[in-house]
Amino acid sequence: MSDTNKNRDEEKRNGDLRNSPQRYLLWIAVAAMVPLLFMASRGNGPQGRTVQQPEFMVLVESNLVTEAMITYDPQAFLQEVQGKAYKHADGVKVSEGGKEVVEPFMARVRLPEQLELQLIRTGKFKVRQPNTVLLQLLWGVGPLVLIAIAIWFVFIRQIRMAGKGALSFGKSKARLLTKEKNKVTFKDVAGVDEAKEEVSELVEFLRDPKKFQKLGGRIPKGILMVGAPGTGKTLLAKAIAGEADAAFFSISGSDFVEMFVGVGASRVRDMFEQARKNTPCLVFIDEIDAVGRSRGVGLGGGNDEREQTLNALLVEMDGFDTTEGIIIIAATNRPDVLDPALLRPGRFDRQVSVPLPDIRGRESILKVHAKNVKLENGVDLSVIARGTPGFSGAELANLLNEAALLAARQNKKAVGMPELEEARDKVRWGRERRSLAMTEEEKRFTAWHEAGHALLNVLCENTHPLHKVTIIPRGQALGATMNLPKEDVWSHRRKQLLDQLCMIMGGRIAEEMISGDISSGASMDIQQATNIARAMVCQFGMSTKLGMIQFGNDDEVFLGREMMRRKDYSDDTARQIDAEVKSLIDGAFQRASDLLQTHRDKLEMIANALLEHETLDGKQVEDIVRNGRFTPPEIPKDVDPPRGAQAATPLPEVVKPTPPKIGPGLGSAAPATA
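Start counting the sequence shown at 49; every next residue gets the next number (this note's numbering).
Check each hint, because a few of them may be wrong.
[Claimed, not checked] With a Cα cut of at most 30 Å, we get these calculated DSSO-like pairs of lysine-lysine:
#1 LYS231 to LYS419
#2 LYS650 to LYS543
#3 LYS258 to LYS231
#4 LYS461 to LYS235
#5 LYS630 to LYS667
#6 LYS667 to LYS491
#7 LYS135 to LYS174
#8 LYS235 to LYS422
#9 LYS244 to LYS231
#10 LYS269 to LYS231
#11 LYS235 to LYS491
#12 LYS491 to LYS461
#13 LYS543 to LYS630
#14 LYS650 to LYS491
#15 LYS534 to LYS667
#16 LYS419 to LYS460
#17 LYS474 to LYS422
[Stated by the list, open to error] Quick list of simulated restraints, FRET-style, between CB atoms:
#18 GLU245 to SER430: 21 to 27 Å
#19 THR679 to ARG623: 48 to 54 Å
#20 GLU245 to ALA462: 48 to 54 Å
What the hints contain is simulated information worked out from the structure, not anything from laboratory work.
It should be emphasised that the depicted structure is a prediction, and the values quoted were computed from it without experimental measurement.
All C-beta atoms in this analysis are idealised placements derived from N, C-alpha and C, irrespective of residue type, glycine included.
Could you put the whole structure together from the sequences, leaning on the hints where they help?
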């Protein structure tokens, strides 16, 4: 049997109920009711004028009947006579317009046997003997059949439509993907070249297994794709399905477990049973952490349905009764919570990392998604790629979509660089909220707050270049100071983090310098600075007093596994950690205060420029700090309200706006916001 026939058979078996024979039962029921209604109307309704026994005898004796049909029923006392007769008055024909009138009649009369024979001999009367057995059977069984069909459609079919097979809970929900349904190939996947190379090896193995087997190699039983949300794990699986000639089953981890006990394990067995019938095949399980979490880590006792499902999955992947030719591909962004038995070789032989793309990968991803977007001739996607480090593939796709929507709202024929830059800022920091009602005093405090951040960003040597500073509310912040690194950030250095702490402190200090009071506007700055300082002490080993020791486990609490774990340092060490964190923050605060007092005139110039123009780009702020002069920004004439500083700058490299709380060697710096 060819692959096409297999796919058709599978689609018929798992197809929609609309294509099943049950669809036609309703039409059969309607068709069966038509003759019943016809017979009922024919048997019960009068056919012409009703004639009684005396008048019928007058018609017979006066020879007024032209034709008639006697329905003979041996079980009935009266016979039914239907026919036609001349219109008469006391046995005399009545003419209308010079013509004799014939009208139909119906009579239920008692006909003696001799009279019936005489009428038949005249040739005008005929006898019909009905099939009473069939009629009684139809009248007796027909309603029951119609009721049964109605119950089937009203109840059984509705249950199946609601639960998609609620009466067969143990059936697998895995869907068979065909090339007709899935058009994604490896050409549509960009930015993850190493991961694409590893999974493409599976497709090559399925096409030519002898190439690998002649050297003693065997096909991997499972591949686990690990990566942050939005990096393209599911897209990569779709590309495998589009490239592979083998059968490809797709299912989500949450489809295994439902409210009924034992359903998950039964569905796992049924899924592998379907896969064995279509070997060689690929089975993709998305979000496998829904059923693959570590066993025995829950609080309390009892039987865990997820553990039953996981046990069934473990046995099917590598047990006594396993079949070669079934490759499991799973995706998750939480590999730390998976059961160790699931990750061992023989079940998942490989772990394919799908990381965030680098600058070349981001440019490739933008080019793939830009195929469906009409861009202007001068658009340079490499500039956008350099300005979006830390963006995932999903965020880059959303960036292009937001730019297209923005250009459409402005009635433009194509998407240009201003729309792409504005979409970049919207995706990362939120949309501008120009309609937010702010008092002049609130604007003044916000301007000084952001001016403090911007001034220290320029003065500190180890900070990322300033991109722009604005007092236009964006997202949850009343203002923002945005810095863009020159290249992707893969690690943090102590001087960089100390300068970043100094820059973060500038907002609160500048507010206090102008008003003599402090506000809650620096709450996010305080949280950001605390996270950075604590990471420097506890994770990065950047404290000269405590040394290169990690304090505490930064992993999240998982199902009670860490709730009873004791901390791995003493109370005295905890006090030293708190003292070191406070020392770092106090040192940065004092340094920032000294710099702002020394350059107060430039701080005031930046704040006044922000109050007048709302948004300044990095070059304008640097010109104020270095040369003491300010060049007003050029506002496009066709833009109302003004857009502020154009984001298209020659130094666009941006990082994720999260503090470096993750492990060493990774992470990114964050822009200081009010």
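*Hint by hint, work out which the structure violates, then give me just those numbers in ascending order.*
Hints 5, 11, 12 and 20 not satisfied by this model.
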